[in-house]
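Engineer: Hey, can you work out the whole structure from these sequences and the hints?
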Amino acid sequence: MSQPRAPRKRQNVFIIPFGLVARIVGVVAVLALVAVLVGSGTLARAASGTVVADRAAVAAHQSAAERDIERGYETSTDQVKKARALKLAIGGAQADAIATKALSDLATLRHSALFSMSQVLGATSDAAEAYAKSTEQALDAKRGQPQPSAAPVLLAPRLYAIVTRFDQLATQISDQAVADLTQSPPSAPATPTPSVRPTTPTPSPTR
Amino acid sequence: MTMRWTVARWASVVVLALAIGATVDPAALPFSGTEKLYAVFLLDGQAYFGHLEDVPWSDTVQLTDVYYFDDARKTTTDLSVGLLRRGTELHAPADGMRIRRDKVLAIERVGLDSPVARAIEAQRAIDRGAAK
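Protein sequence lines, in the order shown, are assigned to chains A and B. The numbering used here numbers the first residue of the first sequence as 226 and each following residue consecutively. The numbering used here numbers the first residue of the second sequence as 81 and each following residue consecutively.
Source of the hints: derived by calculation from the structure; they are not laboratory data. Don't take each hint at face value.
Stated by the list, open to error - Some chain B residues well away from chain A (every beta-carbon gap over 10 Å; in silico):
| id | residue |
| --- | --- |
| 1 | Ala88 |
| 2 | Ser92 |
| 3 | Ile100 |
| 4 | Phe121 |
| 5 | Leu163 |
| 6 | Thr168 |
| 7 | Leu170 |
What the hints assert, rightly or not - According to the in silico footprint, chain A covers these stretches of chain B (three or more CB under 8 Å from chain A):
| id | segment |
| --- | --- |
| 8 | 145-159 |
| 9 | 178-191 |
Just so we're clear, the structure is a prediction, and the values are computed from it rather than from any experiment. Every residue, glycine too, gets a C-beta built ideally from N, C-alpha and C.
Structural biologist: In structure tokens:
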């Protein structure tokens, strides 16, 4: 005789199909990827694209920056030379020393600007030094000769920063030299001169 | 009946295509054409250049890779303005700039042959060269 089976206790069982889980994970992964792409700006950059100048275009900017530096150098050295050519109140030897130092500083500054520009353009220290020297010689050789007018160039920001800094420092050097050259000579130390003592008033007779 | 529906469907497609063709600039679509640089002119006279993200539901427009003009009248450059890249200021702004829409006077596309675009392209080439 068979005994009746005890009723099975029902359990709450959730059956989650694997396919559904995979789809949810996939959707979350895609959303996360899109969020990363949007958040990092990669999507925006890819959507807009970027154009990079070729070597010739960069060379044009380099030439324009050289011209700008040379223009500033000429302006500052001319200013010092004109001030030196004036009839100055200070002695000739002192004036020569001031002018020579200013011109030397300006040449060093131009060298430094050309060196920095070459380094910004990716040259090594040795190559930048060689470039600065050869460019200085070329610019000095061209000075005073008629040059073909080149098309104006809006400089790339890094080159513009170098030119701007060069102009600031060159102006400081030349202005200081002109101020030193045109100063009045130091006067001899003042010696105390005896002041005239007022004579004591004589009592006027009142009567 | 079927014939009439077919004609109506094709007519709808043609009308929709004409409407899209008349209103959408293909060159302005993302992932199409060359780079799209924009100039954003503000009411106070400032101008910023860069990549524009302009979503209609936002009260700001966002510019990334931003450049702006600098007064170069005291320098010996060819032009009386210079171009600066935003990010080199003392507070070193990091990720673009958001501009209130009500402060914008005009937004224009920058021509890729313009001096501004050429300067930006040269700057990128310099950055890549220096990074090597």
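Engineer: Take the hints in turn and mark each one as holding or not.
Structural biologist: Going down the list of hints, with the structure as the test:
{"no.": "1", "hint": "Ala88", "verdict": "holds (36 Å)"}
{"no.": "2", "hint": "Ser92", "verdict": "holds (30 Å)"}
{"no.": "3", "hint": "Ile100", "verdict": "holds (19 Å)"}
{"no.": "4", "hint": "Phe121", "verdict": "holds (18 Å)"}
{"no.": "5", "hint": "Leu163", "verdict": "violated (5 Å)"}
{"no.": "6", "hint": "Thr168", "verdict": "violated (8 Å)"}
{"no.": "7", "hint": "Leu170", "verdict": "holds (15 Å)"}
{"no.": "8", "hint": "145-159", "verdict": "holds (count 10)"}
{"no.": "9", "hint": "178-191", "verdict": "violated (count 0)"}
Hints 5, 6 and 9, counting from the list given before, are not met by this structure.
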